[in-house]
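Colleague: Construct the complete structure from the given sequences, taking the supplied hints into account.
Protein chains: 2
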Amino acid sequence: MRGFAEMQRPQTVAEQVANVLREAIADGSLAAGTALRQDDLALRFGFSRMPIRDALRQLDAEGIVQIHPTKGAHVASMDATEIREIFALRDLLESEALSLSIPTLGDDKLDEAAEVLARIDAEPDVARWGVLNRTFHLALYSACGNARLLSLIEAHHNAADRYVRMLLSSLDYRGVSQAEHRDLLAACRKRDAAEAVSVLKKHLSDGMETLAKAGMLRKG
Amino acid sequence: MRGFAEMQRPQTVAEQVANVLREAIADGSLAAGTALRQDDLALRFGFSRMPIRDALRQLDAEGIVQIHPTKGAHVASMDATEIREIFALRDLLESEALSLSIPTLGDDKLDEAAEVLARIDAEPDVARWGVLNRTFHLALYSACGNARLLSLIEAHHNAADRYVRMLLSSLDYRGVSQAEHRDLLAACRKRDAAEAVSVLKKHLSDGMETLAKAGMLRKG
DNA sequence: TCTCGTATACTCGTATACGAGATTTCTGTA
DNA sequence: TACAGAAATCTCGTATACGAGTATACGAGA
Numbered sequence: 002m003r004g005f006a007e008m009q010r011p012q013t014v015a016e017q018v019a020n021v022l023r024e025a026i027a028d029g030s031l032a033a034g035t036a037l038r039q040d041d042l043a044l045r046f047g048f049s050r051m052p053i054r055d056a057l058r059q060l061d062a063e064g065i066v067q068i069h070p071t072k073g074a075h076v077a078s079m080d081a082t083e084i085r086e087i088f089a090l091r092d093l094l095e096s097e098a099l100s101l102s103i104p105t106l107g108d109d110k111l112d113e114a115a116e117v118l119a120r121i122d123a124e125p126d127v128a129r130w131g132v133l134n135r136t137f138h139l140a141l142y143s144a145c146g147n148a149r150l151l152s153l154i155e156a157h158h159n160a161a162d163r164y165v166r167m168l169l170s171s172l173d174y175r176g177v178s179q180a181e182h183r184d185l186l187a188a189c190r191k192r193d194a195a196e197a198v199s200v201l202k203k204h205l206s207d208g209m210e211t212l213a214k215a216g217m218l219r220k221g
Numbered sequence: 002m003r004g005f006a007e008m009q010r011p012q013t014v015a016e017q018v019a020n021v022l023r024e025a026i027a028d029g030s031l032a033a034g035t036a037l038r039q040d041d042l043a044l045r046f047g048f049s050r051m052p053i054r055d056a057l058r059q060l061d062a063e064g065i066v067q068i069h070p071t072k073g074a075h076v077a078s079m080d081a082t083e084i085r086e087i088f089a090l091r092d093l094l095e096s097e098a099l100s101l102s103i104p105t106l107g108d109d110k111l112d113e114a115a116e117v118l119a120r121i122d123a124e125p126d127v128a129r130w131g132v133l134n135r136t137f138h139l140a141l142y143s144a145c146g147n148a149r150l151l152s153l154i155e156a157h158h159n160a161a162d163r164y165v166r167m168l169l170s171s172l173d174y175r176g177v178s179q180a181e182h183r184d185l186l187a188a189c190r191k192r193d194a195a196e197a198v199s200v201l202k203k204h205l206s207d208g209m210e211t212l213a214k215a216g217m218l219r220k221g
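Residue numbers (the working numbering), protein chains in the order written: chain W, 2 to 221; chain G, 2 to 221.
To be clear, the hints were calculated from the coordinates, so they are not data collected in a lab.
The C-beta atom is built at its ideal place from N, Cα and C for all residues, glycine as well.
Treat the hints loosely; a few may be bogus.
List time: in silico DSSO-like cross-link candidates among lysine-lysine, alpha-carbon distance up to 30 Å [as the list claims (entries may be wrong)]: (1) W:K203 to G:K110; (2) W:K202 to G:K203; (3) W:K110 to W:K214; (4) W:K202 to G:K202.
Reference listing, derived: stretches of chain G covered by chain W, where coverage requires no fewer than 3 residues with Cβ under 8 Å from a Cβ of chain W [what the hints assert, rightly or not]: (5) 53-60; (6) 92-98; (7) 147-160.
Label pairs and their in silico Cβ distance ranges [what the hints assert, rightly or not]: (8) W:Q12 to G:A148: 30 to 40 Å; (9) W:R183 to G:A123: 52 to 62 Å; (10) W:Q12 to G:Q12: 50 to 60 Å; (11) G:D207 to W:A81: 34 to 44 Å; (12) G:A187 to W:G107: 28 to 38 Å; (13) W:D41 to G:Q17: 41 to 51 Å; (14) W:N20 to G:V21: 27 to 37 Å; (15) G:A148 to W:D193: 32 to 42 Å; (16) W:A195 to G:A215: 30 to 40 Å; (17) G:Q17 to W:R120: 13 to 23 Å; (18) G:A123 to W:N20: 44 to 54 Å; (19) W:S199 to G:A81: 28 to 38 Å.
Modeller: So this is what it looks like as structure tokens:
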């Protein structure tokens with residue numbers, strides 16, 4: 002993944018379409034299970050089917066949509082076990098990244114994370130909490146020294162984004178979440194990796210539990 | 002990743018092309034950095050560029066090739082840090098999978114793994130060791146109860162396959178590797194998760210070290 | 001001889017077109 | 001009325017075509 006691929010890449014239509022679709026799926030305007038017809042999308046976006054196909058394949062690779070040959074693409078619908086799997090992986094990956102990151106984590110990153118927390122408090126638009134949430138977490142992991150680990154974490158955030166947003170749209174959970182975020186940040190400031198990891202694990206399991214209570218883990 | 006995608010899928014041309022290319026890259030006949038021209042491949046495979054494009058995009062998602070708009074696709078070349086990152090992730094992911102799997106791992110899977118080891122001993126064709134190696138490992142993890150974790154592990158095996166094959170083509174490392182495999186299997190038979198994980202970690206770090214000694218971790 | 005500009009060739013991204021398979025709808029019969 | 005079979009429609013996979021951007025090669029000028 003290094004080398005020539007690092008230069009600035011021309012943005013292709015397919016990438017732009019993928020970005021728009023990813024956001025639409027994350028914010029719920031494209032519900033789970035929705036069929037993504039190539040012709041429809043091509044018409045709607047004003048391009049031909051080819052870049053749409055590329056975008057769909059990209060999202061398929063990210064796990065956000067499922068493609069079946071001759072049957073087309075659908076917005077991936079996760080059932081309870083899949084969400085549990087994703088949260089289990091997040092626990093594993095993010096715990097590792099956090100404990101790797103803390104020893105060399107600079108104050109600038111911590112300040113950045115703090116600022117994101119403030120922005121979450123101030124942000125009225127629910128749709129923006131998802132990205133801010135992700136930004137906060139990734140800032141804390143940024144010094145982990147393993148780029149591949151970071152992109153894996155980001156991918157799982159993307160995959161679970163829809164469900165996290167459901168969580169965040171509940172106002173009281175948002176308070177809990179923010180409190181845990183501040184605990185996490187405090188532990189990081191103390192450079193106490195063990196405590197930070199335990200706070201993170203609690204944060205994730207609280208999220209799972211809230212999802213379960215809300216009954217979101219029953220239906221596909 | 003569940004649902005309708007699980008039914009039997011018609012095999013599309015793109016998938017077949019992707020499989021052939023993946024194997025060619027893994028066995029070294031397509032060296033790292035090689036440019037993959039869509040026209041060339043289309044001509045060689047006897048199809049148009051469209052399914053080739055799909056295949057390349059698929060492999061790009063797997064991290065095996067890099068695609069740059071207007072510059073085309075190249076076989077991904079990993080430098081030392083990337084290989085280290087992959088092995089670090091394998092350590093993390095496979096240790097977790099193994100310790101999750103062992104408590105419920107059935108004897109049938111253990112026998113299966115043992116049989117794969119025998120086949121590795123008997124197999125004269127170097128090109129086949131890579132898949133057998135992967136099959137062995139995945140058999141031990143198969144009861145981990147997290148399908149996503151398993152496919153993540155498989156993806157990382159694929160990404161590192163080329164380098165693992167370099168390792169395996171060295172006869173004396175192959176001996177070390179097989180010995181470690183048998184230790185691992187023995188620990189699993191005892192259902193001793195802690196020991197199994199420690200053997201696995203040693204197995205992986207030995208592999209890394211052998212790669213480093215062979216100087217494969219210097220150049221991109 | 002070296003450097004820079006231009007022209008040519010190459011490669012990719014995207015558009016359009018066609019055929020195959022699947023799904024739906026319609027029709028005829030039990 | 002319910003069901004089976006056939007026709008029509010829909011959707012995708014693949015092929016071909018075109019335009020744009022990039023790299024390369026060649027020639028002119030310093």
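Colleague: Let me make sure I understand: some of the numbered hints might not hold for this structure. Which ones are they, in numerical order?
Modeller: 1, 3, 10, 12, 13, 17
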